[in-house]
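S.K.: For the sequence shown, counting from 1, position 736 maps to 736 in UniProt numbering; every step adds exactly one.
One or more hints might be untrue.
[Stated by the list, open to error] With a straight-line cut-off of 30 Å between C-alpha atoms, the simulated BS3-like cross-links for lysine-lysine are:
id, residue 1, residue 2
1, Lys33, Lys14
2, Lys145, Lys175
3, Lys145, Lys132
4, Lys1057, Lys840
5, Lys1057, Lys1076
6, Lys632, Lys564
7, Lys1057, Lys974
8, Lys997, Lys904
9, Lys128, Lys175
10, Lys1085, Lys1057
11, Lys1074, Lys609
12, Lys542, Lys997
13, Lys564, Lys145
14, Lys1076, Lys609
15, Lys840, Lys904
16, Lys700, Lys721
17, Lys86, Lys145
18, Lys1057, Lys682
19, Lys564, Lys542
20, Lys682, Lys904
21, Lys33, Lys73
22, Lys1074, Lys997
23, Lys1085, Lys997
24, Lys695, Lys682
25, Lys632, Lys132
26, Lys25, Lys14
27, Lys839, Lys997
28, Lys73, Lys86
29, Lys86, Lys33
30, Lys73, Lys132
31, Lys1074, Lys904
[As the list claims (entries may be wrong)] Pair by pair, the computed Cβ-Cβ distance ranges are:
id, residue 1, residue 2, range
32, Asn378, Ser519, 23 to 29 Å
33, Lys440, Asp255, 38 to 44 Å
34, Asn378, Arg551, 19 to 25 Å
35, Met183, Cys216, 20 to 26 Å
36, Ser519, Lys994, 16 to 22 Å
37, Ala351, Gln1003, 22 to 28 Å
38, Asn675, Arg516, 36 to 42 Å
39, Gln1003, Glu479, 16 to 22 Å
40, Val606, Met183, 45 to 51 Å
Hint data in this document are derived by calculation from the structure and do not stem from the laboratory. Every residue gets a Cβ at the ideal spot worked out from N, C-alpha and C, and that includes glycine.
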Amino acid sequence: MFKRFGGSSTGIWKPKNPHSLEYLKYLHGILMKNERVTEHNRTLLVEALRAIAEILIWGDQNDSSVFDFFLEKQMLSYFLSIMTQKCGSYVCVQLLQTLNILFENIRHETSLYFLLSNNHVNSIITHKFDFKNEEIMAYYISFLKTLSFKLNVYTVHFFFNEPAQEFPLYTEVIKFYNHSEGMVRIAVRTTTLNIFKVEDEAMRAFVRSCSRDYLCAVVDLTALHSIDIDQFARSAENEASNRDRLTDLVGEHLDHIHYLNDIFLINDEHLSAMLFEIVFRRLLAPLYLCSLASLRMCPSAVVLTPVSSLFFLSHFLLVVTDSQAVQTLLSSFFFGDGSDVRQQWSRGQDASLVLVSLPPVEATSNRLFFNSYLRSLNCERNDHAAFFGLLFLYAVCQNKGVMAEILKAAQITASVDCEMPAREGSLLEVLLSIVSSSTKSDRTVRVVTVELCCVVLRQLLLAVDVHATPHARCQQIAEEARNDAVASLSAVVYTEELFLEMFEDEYYQFERDAFRVSSMSVDPSLLLPPSNTPLSGVALNKRLPSGSEERIRRSIQLYFHLRKFVLDLRDETETQLPLSTKGGAIVEVNDCINLDNSDLLSCTVVLTKGERYQRFLVADQLQLILVEPDTKRLGWAIVRFVGLLQDTQLTGDPGESRALHVVVNDVRTRSHLKNEPLLSAKLLFDDHIRCMAAKQRLTKGRQMARHLKLNLICDLLGVPKRSLTPGTSRNPFRIVKGCAPGSVRKQQLTSSPGSSKSSTNSLNAVPDDPKPAASSLGARNTNGIQDFFTLKLQSIVMAEASSSKAVPTESIPCIIVLGMAGSGKSSFVQRLTARLHEKKLVPYVINLDPAVSTVPYPANIDIRDTVKYKEVMREYGLGPNGAIMTCLNLMCTRFDQMLALLSKRAGLCSHCLIDTPGQIEAFTWSASGSIITDALASAHPTMIAYVMDSVRATNPITFMSNMLYACSIFYRTKLPFVIVLNKADIVRPTFATKWMKDFESFQEALDENCSSYMNDLTRSLSLVLDQFYESFSAVPVSSLTGEGIDEFLEQVQKCVKEYFEVYRPMYDQLARDKAKQEADRSAEKLEKLSIQEKELLNIGLKEPGNVFEKIHLGGVDEENAEDSSIPH
């Protein structure tokens, strides 16, 4: 049957179909012929083992007779026979790899029972492998871990021999708990946890009987690891390499604690009781609690620093939530007197660590450990121990296993009916002393300690009445500390040159970096001795200040934290921050401003990439403004760039007297490592005199703007401010907000030029020009300078008006509504239509969904009037989706006529609304959808409204799926994009906007999801989409109540501006490029024509008469009347 059968050492025969019972029989023959392993047949056996594993996995899914044959021939015994021989690591590695792959891929229980029968697996587990070989060790421990995942109440009897009380899988795996390789230790923990989870009483009784030594060894390993961390932390300097090393050590310690917590979470009452008894007697009491109180009950006792002991106790409570364990620990911590400490770690003569048993001792003092804890909160020397003391208290308040009774008994919290103790030396007074001492010049309290102290105080005061004494006491101390911080800042507001930059940088840093205990608790820079130099690389809030500038920044940080704490105690919201000078005279990009009474300086803006733009520099009290003349009205200009003068840096050019280098920083990102300015350019003026004038104006304006902002800071701090120079409180020009470039602006004819009653309610109305004020501006006019700039502006306006194209008046904003099925697109179109009618605006509505039965709005054009959906399905033999795409294709052939009808209504209708099919891919990814979108965008300002179901998007994975779809549509259409968060009446979509802006909040929502793979994928995608989130706006809308429709219409206006500024030039450029390519191809073809062909082309052909074709698209009555007038 086979060409070759038997023991050839050159290799096994491989048939065309290697997955068959016959091939397994062939491989069985090879094993029989090669029962003894030699140098000649080692390779042959390895190949045979690989092939057998593949066939068994295939048979598990397709042919049960494969396992019947495998069991009948007892082929697993051949594996064991090969293993018992001295066959070398090469064969053993392949054998373990084969077994690992085999057991990992078996899915059917029957197949698994076949493999586990005859006790061969236990024999393999107990085989004495050469574990010095790293490869053998890796495959062996992986094999044990794979077997543990197959454990359940039905398979446990294959591994556990109850009569003989043997459980090789458990007894063998725990031998490697302290292996030098980290992956081996992780596999041991995973395997033991899988064993502990099996609910078989006989097996659990055996495991408990032989687990005490193992658990003692694990806890002792944790204790030794804690001692290593303490020794490293107390001796190492706070620098980068030591922090990296300490991060690894802390990570290993947390792995131990999480492993102990996982055992507690199994809810095996007897195992948990035994485990905590071991943990308390060998770790918590003899090491952590004794070190906190600095108890030395035996010679050479090992005592950690209070910082380390509080660090370890905090992490134990942050991780372990078992009620019995937590209550026992806190009882000893709050009320223990040291009499329950029976053992203590000590160093032997050979410097080894041993746990020494102690004789019974009498109580040394009442509440020994708690009093030591209170002393650790003293910040007279430093706040190193105080920070972790606060972290411990935070962990106590957050732990779910803590019972309220023990906290009340220990006077940690208080109910509404009883006040917190306010006596000297109480916990509340100790915490308040940290706050009050933080602003003292002679104290070394870091900002991060104050921040954590405020967090802890908020938690303790949650259950206290606002009018209770503790609450009032906290508010009093917080206000006093805040006033101390204000007093230290008031002396440097005007004297420190960079105070404004410091204040704004620290505020945005304060708003951006939320306090996260999960990251702070494992920060190695906080466990190492506090640093006082910026060279250490530690953030200022986590170290002591160095120099006057850092002391000022520290005071600013303390002020923000104390201010927020006071507002929280008062139950008030922040109303004064961020600082803002915005008022009626603040200019924004695309505003229209009247420049008849302002000084202009013509300049060429040269960007870093070489782009050059002709602009005018405008003098302003707060802002640097670059404008472009308006082509529609003389004396008006459109703002192209705006930046705050306070953040502007000016430098001259040594090689060019006409040039001025300008850098405008972004205050929100100035403190970032990769800070990109809003503008970095060179301004070229006509001559050096105008360059000097520009520098003087900008320098004076910068000083004035900074003075105004400093006055706002003084108002915030409540300190006296310096007055400004009179006559500098208003801009010399008039502003019209929101006028798009090139828009048609009509002045009412009924108003005289000097009338103050001209309408400014419409964006199309320009207010009357202000009369020249009787000021120094008049003097400039007499000198001829103002006349020069006016003539210069007039010449540029006339030149640009003759060469530029006006925006077509027949254009109409088109809104293409897309979204998943069930997201509420049609309801949104209906509500939007109704709202436009309420505002006396007439929309033009188009329905492109051929499969919908009814539409809840009046449609001007309905695809169902032209194409019958069910007839298309029947005629072409299509399914639902195919029929929808075919209907769109048929409609697309007449879309040019739809555009003509739409253009006729441009003067009458305010918006065009296009409702699309619920099968979003039928429109988005079809050729017809692209044609419709491109045709609209080439003729009218077009935008995409992506409707998202807020209710379904509460799941972060569903939310990310919607965002991916929105991103794909955005990059496919390349049009202005707005996300409509629909159904806001059911679920407030604030979570969505928060997830888009704050990656950390989205990560926290992901952590609540059970799928780790999807979490990792979604987390990565959210980072990828960060730039996409900046390219669109999101509007919460309720199609039921009408909430958010007005805000959506405001976004539509912004999208129209964006269309004319960005997308329309792009489409025009593409059209020009295409026309040029066509012309080039035509010219190339003409050159190849012969003389006769060219003569034929020059012959004039008679043009046929005009041909009119009438179609019916189901429009309104006016359209039917127009169509009937077309000549036939």
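S.K.: If a hint holds in the structure, say so; if it does not, say that too.
M.R.: Now the hints, each set against the structure:
Between the alpha carbons of Lys33 and Lys14 the distance comes to roughly 17 Å, so the proposed pair stays at or under 30 Å and holds. Of the supplied pair hints, the one linking Lys145 and Lys175 holds, its CA atoms being roughly 14 Å apart against a limit of 30 Å. Annotation: proposed proximity of Lys145 to Lys132 holds, straight-line Cα distance about 19 Å (limit 30 Å). Restraint check for Lys1057 and Lys840: the C-alpha separation of about 22 Å stays at or below 30 Å, so the hint holds.
Between Lys1057 and Lys1076 the alpha-carbon distance is near 28 Å, which keeps this suggested pair within the 30 Å criterion. Taken as a hint, the Lys632 and Lys564 pair is broken in the structure, with Cα atoms around 50 Å apart against an allowance of 30 Å. Between Lys1057 and Lys974, the direct Cα distance comes to roughly 15 Å. Compliance with the 30 Å bound is thereby established for this hinted pair. Straight-line distance between C-alpha atoms of Lys997 and Lys904 comes to about 42 Å, which puts the hinted pair past the 30 Å bound.
Distance check on the hinted pair: Lys128 and Lys175 sit about 13 Å apart at the alpha-carbon level, within 30 Å; holds. With a C-alpha separation of about 42 Å, the suggested pairing of Lys1085 with Lys1057 is violated against the 30 Å cut-off. Under the criterion of a C-alpha separation no larger than 30 Å, the hint pairing Lys1074 with Lys609 is consistent with the structure, at around 27 Å. Distance check on the hinted pair: Lys542 and Lys997 sit about 26 Å apart at the alpha-carbon level, within 30 Å; holds.
As the CA atoms of Lys564 and Lys145 are separated by approximately 51 Å, the hinted pair breaks the 30 Å bound. Proposed proximity of Lys1076 and Lys609 is supported: the alpha carbons are some 27 Å apart, at most 30 Å. Between Lys840 and Lys904, the direct Cα distance comes to roughly 19 Å. Compliance with the 30 Å bound is thereby established for this hinted pair. For the given pair, Lys700 sits about 19 Å from Lys721 by alpha-carbon distance, which is consistent with the 30 Å threshold.
At roughly 25 Å between alpha-carbon atoms, Lys86 and Lys145 fall within 30 Å of each other, so this suggested pair holds. About 28 Å separates the Cα atoms of Lys1057 and Lys682, which keeps this hinted pair within 30 Å; it holds. In summary, the hint linking Lys564 to Lys542 is supported, as the alpha carbons are separated by about 19 Å, within the 30 Å threshold. Note on Lys682 and Lys904: the hinted pairing is violated, with a Cα-Cα distance of about 47 Å set against a maximum of 30 Å.
At most 30 Å may separate the alpha-carbon atoms for a hinted pair to count; Lys33 and Lys73 meet this at roughly 14 Å. This hinted pair does not check out: Lys1074 and Lys997 have alpha carbons roughly 40 Å apart, beyond 30 Å. Distance hint between Lys1085 and Lys997 is unfulfilled; the C-alpha atoms sit about 55 Å from each other, more than 30 Å. Between Lys695 and Lys682 the alpha-carbon distance is near 12 Å, which keeps this suggested pair within the 30 Å criterion.
A hinted pair counts as satisfied when its Cα atoms are at most 30 Å apart, and Lys632 with Lys132 does not qualify at roughly 86 Å. With a C-alpha separation of about 13 Å, the suggested pairing of Lys25 with Lys14 holds against the 30 Å cut-off. For a cut-off of 30 Å, the pair hint linking Lys839 to Lys997 is broken: about 33 Å separates their Cα positions. For the proposed pair Lys73 and Lys86, the alpha carbon gap of about 24 Å is at most 30 Å, so the pair holds.
Taking the CA atoms of Lys86 and Lys33, the gap is about 18 Å. The hint holds against a cut of 30 Å. Annotation: proposed proximity of Lys73 to Lys132 is violated, straight-line Cα distance about 34 Å (limit 30 Å). Proximity of Lys1074 to Lys904 is assessed by CA-CA distance (about 28 Å); at most 30 Å being required, the pair is judged to hold. The hinted window of 23 to 29 Å between Asn378 and Ser519 holds, with their beta carbons roughly 26 Å apart.
Between Lys440 and Asp255 the beta carbons are some 41 Å apart, a value that agrees with the proposed interval 38 to 44 Å. In this structure the hint that Asn378 and Arg551 lie 19 to 25 Å apart at CB holds, the actual value being about 23 Å. Evaluation of the 20 to 26 Å hint for Met183 and Cys216 yields a pass: the beta carbon distance comes to about 24 Å. Take Ser519 and Lys994: their Cβ atoms lie about 19 Å apart, and the range 16 to 22 Å holds.
With their beta carbons about 45 Å apart, Ala351 and Gln1003 fall outside the hinted range of 22 to 28 Å. One distance hint, 36 to 42 Å for the beta-carbon pair Asn675 and Arg516, is violated here, with the actual separation near 24 Å. The hinted range of 16 to 22 Å is not satisfied by Gln1003 and Glu479, whose Cβ atoms lie roughly 36 Å apart. Under the hint 45 to 51 Å, the C-beta atoms of Val606 and Met183, about 58 Å apart, miss the expected range.
Consistency note: the structure conflicts with the earlier hints numbered 6, 8, 10, 13, 20, 22, 23, 25, 27, 30, 37, 38, 39 and 40.
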